[in-house]
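A.B. asks: Here is what each chain is made of, one letter per residue.
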Amino acid sequence: MDSIFLQILNGLDKGGAYALIALGLTLVFGTLGVVNFAHGAIFMLGSFCAVTTQNLLTYSKKVKDESITYFEAFKEVPYLEIWWGDTGSFIIDYKVPFSILLAIPVMLLIGLAMERGLIRHFYNRPHADQILVTFGLAIVIQEIVKSIYGANPIPVPAPAIVAGSASIGSWIGLGESVVYPWWRLIYLANALVVISAVFSFLKFTTYGMVVRAGMQDRETVGLLGIDIQRRFTVVFGMASVVVGIAGVMYTPILSPDYHMGMDFLVLSFVVVVVGGMGSLEGAVVAGFMLGVLQSFAAMNEIKSIFPGIDQIIVYLVAVIILLTRPRGLMGRKGVMED
Amino acid sequence: MDTISRKGELRMMALFAVIVLLMPIWLIPFGAAYPDLLQKFAIFGIFAVGFNILFGLTGYLSFGHAVFLGVGSYAAVWSFKLFTMNVIPAVIFGVLFSGIFAAVIGFVSLRRSGIYFSILTLAFAQMSYNLAYSVLTPITNGETGLQLRLHDLRMIDGLFIEAGEGLPLTNLFGIKMSGYPGFYFCAVLLILAFYLALRIKNSPFGMALKAIKSNQLRMGYTGFNTRPYLMSAFMISGMYAGLAGALLAVTDPLAGAERMQWTASGEVVLMTILGGVGTLFGPLLGAGLIKYFENIFSSYNDALLQETFSFLPDMLNNLMVGIISPFVGDGWHLTLGGLFMVIIIFLPGGIVGGITMVWRRYMKKRGASAEMEGETS
Amino acid sequence: MTTVLNVSGVNKRFGGLQALDNVNLKVEEGQTLAIIGPNGAGKSTLLNVCIGRLAPDSGSVEFHGETLIGKQPYEINQAGVARVFQTPEIFPELNLLENVMIPALSKRNGAFHFNIISRMREEKQIEADAISFLEEFGLQDQSDNEAGTLSRGDKRRLELAMCLVQKPKLLLLDEPTAGMSRHDTNTTIELLKKIKESGMTKVIIEHDMQVVFSLADKIVVLAQGAIIAGGTPDEIRNDPKVQEAYLGEEQV
Ligand SMILES: Nc1ncnc2c1ncn2[C@@H]1O[C@H](COP(=O)(O)OP(=O)(O)O)[C@@H](O)[C@H]1O
Ligand SMILES: [Mg+2]
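Residue numbers (my numbering), protein chains in the order written: chain A, 1 to 338; chain B, 339 to 715; chain C, 716 to 967.
Hint data in this document are derived by calculation from the structure and do not stem from the laboratory.
By construction, the Cβ of each residue, glycine as well, lies at the ideal position given by its N, Cα and C atoms.
Check before you lean on any hint, since a few could be wrong.
Stated by the list, open to error - To give an idea of the chain A side of the interface with chain B (calculated C-beta under 7 Å), a few residues:
| no. | residue |
| --- | --- |
| 1 | Val-35 |
| 2 | His-127 |
| 3 | Ala-128 |
| 4 | Asp-129 |
| 5 | Val-133 |
| 6 | Gly-136 |
| 7 | Ile-148 |
| 8 | Asn-152 |
| 9 | Val-270 |
| 10 | Val-273 |
| 11 | Ile-312 |
| 12 | Ile-313 |
| 13 | Ala-318 |
| 14 | Ile-320 |
| 15 | Leu-322 |
Stated by the list, open to error - Which bits of chain B does chain A cover? Going by a derived footprint, with three or more residues having C-beta under 8 Å, they are:
| no. | segment |
| --- | --- |
| 16 | 456-465 |
| 17 | 468-479 |
| 18 | 526-533 |
| 19 | 543-551 |
| 20 | 560-569 |
Unchecked claim - Stretches of chain A that chain B covers, calculated by requiring three or more beta carbons in the stretch to come under 8 Å of a beta carbon on chain B:
| no. | segment |
| --- | --- |
| 21 | 79-86 |
| 22 | 262-269 |
| 23 | 301-311 |
Bound conformation, chain A alone:
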């Protein structure tokens, strides 16, 4: 019982990441009709916003290390600490939340630039072309990041205060042994907040309503004389911000490296397909579902029965869903049917 509960929790934070990435993918696909293989790369860029923030905040000066007396030693002390003392340390400790402040404008700009510069010209090209050009873009982004930050994963720890684990078990009466890392809990909460924000935006603002209408029937909305182009640009920017935040917040869980985007992209596409192409709700549900399934498949009890199942469970589910429910869990009729 405890372990089942834990596995569900374990799956939910990963599922949260899948859901956020898939949400952006679906938003772009549903409104713009573009299959964006570079979406994973944007996720990765989000993570590297956190890395950059960390690098900036910890920009250091070499000073003499007084604690070592028997020879002359130096240590690196961040300027922030030199200037502001404890306040500086505090800011450095909270780099991940702070980097969201950097990530939002940066990701928005990147998204807008991408839509204006490239994606826009592919609205009316075949899906194969869209896949291929964004695939190329993903490689380019990835390689640029690699040449700047190197190939190795860069750890970006969470603030010290949430470094430990929450004793969830004792909160809900499952015993002290059920503990769960704080940051994962925060990630889950963050995912839920962002998802709710996106849905509220789409549901309660007129802007969002037009976007939703555009997802249903692009041509008609275009005929109404609404400047669809501009809204598309905004949607793309929004999707980039969403996936960027997903990336920033994920850094304490998985140290970012340059190819993390592709790993997540493949999975997120599977999520989108399982949820149903063009269905936002489907993307969210399928994201969490696959995350949880994956964490169950990783249990030793299950692995001993089906060896290797943890490696393929997501793809297996996708294959089964695609064959039995061609439109996915919540897909609408008429989306990418041919």
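Given chain A, work out where chains B and C with the ligands should sit, using these hints.
C.D. replies: Below, chains B and C with the ligands alone, put in the same frame as chain A:
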């Protein structure tokens, strides 16, 4: 009709064979005439020509074709380990097993089309790749990759020859399959593979595939059962990939899971697109160019660049090196990604498509001016 | 006389819309049946049910006594039913000759034939067949052009040629003259008359009353999914119900 006559076909094949077999000579000025690279040209040429049978003719974009490349390699290495170092059984096993894999994956994936098909093939590729690294380790030898061992069984060889010192070499009835003989073996298979692709393209079967690409709905109402057509194309194309994989093992007898990764699948897509989707020579050209530049670009480093531009004044030299160095060496993939984008944005028909377009325009202009002259005179 | 097509009790709903409401009709051998009715009456839907594009909710469709329901489109075509669509369904990237050769291949080789031995350009019989049909439709001059570049009217004629080259036992035509100039319409009517003389059985949906009355042996009138009248052209012309529902507006 854009097909050629029997005579033209023969002439084309003869020319093609000459070009391929003489590569060790005419590639000398390009600095590409050494066996390792020549073998790669032929092998990846086969891979791309096969991929084009599926993507070029039917329009079905598989993002998991490297699986078959990997399966071909594994099957070939196992044939070396279990039976004989002779390459013929290895090639046969490679093609056979990749055919079986293609039958299974195709049976499932071809139930859907468009982007769903791409994602299904990608999902299968990732599954195979992950499994090859984990539970299938007894077959694939995991991260290390499958290699020959001194004490491999080699049942058939054991009957005839005494085991020598050191690892045995792959051979074709005694001819060592490394260096130039290895290249010629691959080249002959490339010529055969190309001829088969040519015949498929110009056959009623190939015509049906093109029609499926153009309007699958109409094909149904015209009385064609499209599924077995697609299935055949998928399997043939998978077997080409298997052949290429087996040849990789023939020229260098080891097989690793990274051969199945999606980046490898992406590479063959790029080769095909770069050269020209659906054209006969395009995929070959694409494969050749990419392997050539990969080889040249990735061998460059800053020191070599400094030397190359040493004729320039220091400042310019540093500038050139600064501009170029991110794109060579480890940065080769950056060049590749950029190239990918440029081709799709500006030249969707690839190099061959671009040349054809320019040629047609030129002919039209000439035709028009000839007509004008006719009128004035 | 033998009954070629027998539709009985066919119903089809799209959500809340009763697109076909207990439709019954028979087509005899050699007969030309015209289906008329206002836009949205369900005419195209009826043809879709006949060729296996849609499955009816209930009812049966029989072709020469064999049910077509549950059959794949290619099986229905192989049985001898060909259809011209309302929006032309051709192979836009292939040239006209290839467009017509492909259906001829399907007629000769069946639903699947793995033939990589022969060459398209050596299929002389098929090619000659295709050329003669292109000539008949006045398309021979464009036989090397891509079909996608044709005008809408030409596309439709090409599609007609693609169907006829198969020498179907039953030809279904969905508004074959829509989008054609008067002149092209007239040549098409002549063609359809010629086809009729050859004894081919046809179902034709048409808005142009001139076409309908000059071709049809029998007319049924569809409105809101149901057949409201049926009979010879003369009976239909004089049926007050029909005049009210359909002809009225046109004859003002
Ligand atoms: N696939 C479908 N899904 C939903 N409604 C449909 C579909 N096909 C046709 N309809 C509806 O059924 C009705 C009949 O359409 P149709 O048969 O095309 O009429 P027509 O007589 O003009 O050919 C129309 O109201 C149309 O909107
Ligand atoms: Mg209609």
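A.B. asks: None of the hints should be skipped; say for each whether it holds.
C.D. replies: We went through each hint and held it up to the structure:
1. Val-35: Check passed: Cβ of Val-35 (chain A) comes within 6 Å of chain B, closer than 7 Å.
2. His-127: holds, 5 Å
3. Ala-128: holds, 5 Å
4. Asp-129: holds, 6 Å
5. Val-133: Given a least distance of 4 Å, the restraint on Val-133 (chain A) holds.
6. Gly-136: With a closest approach of 3 Å, the Gly-136 (chain A) hint holds.
7. Ile-148: Hint violated; Ile-148 (chain A) Cβ to chain B Cβ min 10 Å, cut 7 Å.
8. Asn-152: Given a least distance of 13 Å, the restraint on Asn-152 (chain A) is violated.
9. Val-270: holds, 6 Å
10. Val-273: With a minimum Cβ separation of about 5 Å from chain B (threshold 7 Å), the hint on Val-273 (chain A) holds.
11. Ile-312: Holds: closest Cβ of chain B sits about 4 Å from Ile-312 (chain A), inside 7 Å.
12. Ile-313: violated, 10 Å
13. Ala-318: holds, 5 Å
14. Ile-320: Since chain B brings no Cβ nearer than about 10 Å to Ile-320 (chain A), farther than 7 Å, the hint is violated.
15. Leu-322: holds, 6 Å
16. 456-465: Our answer is that it holds, as 8 residues pass the Cβ test (under 8 Å) against chain A, meeting three.
17. 468-479: holds (count 6)
18. 526-533: Per the Cβ count (0), the hint is violated.
19. 543-551: violated (count 0)
20. 560-569: As far as the segment 560-569 of chain B goes, the hint is violated, because 0 residues have Cβ atoms under 8 Å from chain A.
21. 79-86: violated (count 0)
22. 262-269: Three-residue rule met by the segment 262-269 of chain A, so holds; n is 3.
23. 301-311: holds (count 3)
Hints 7, 8, 12, 14, 18, 19, 20 and 21 from the list above are not met by this structure, while the remaining hints are.
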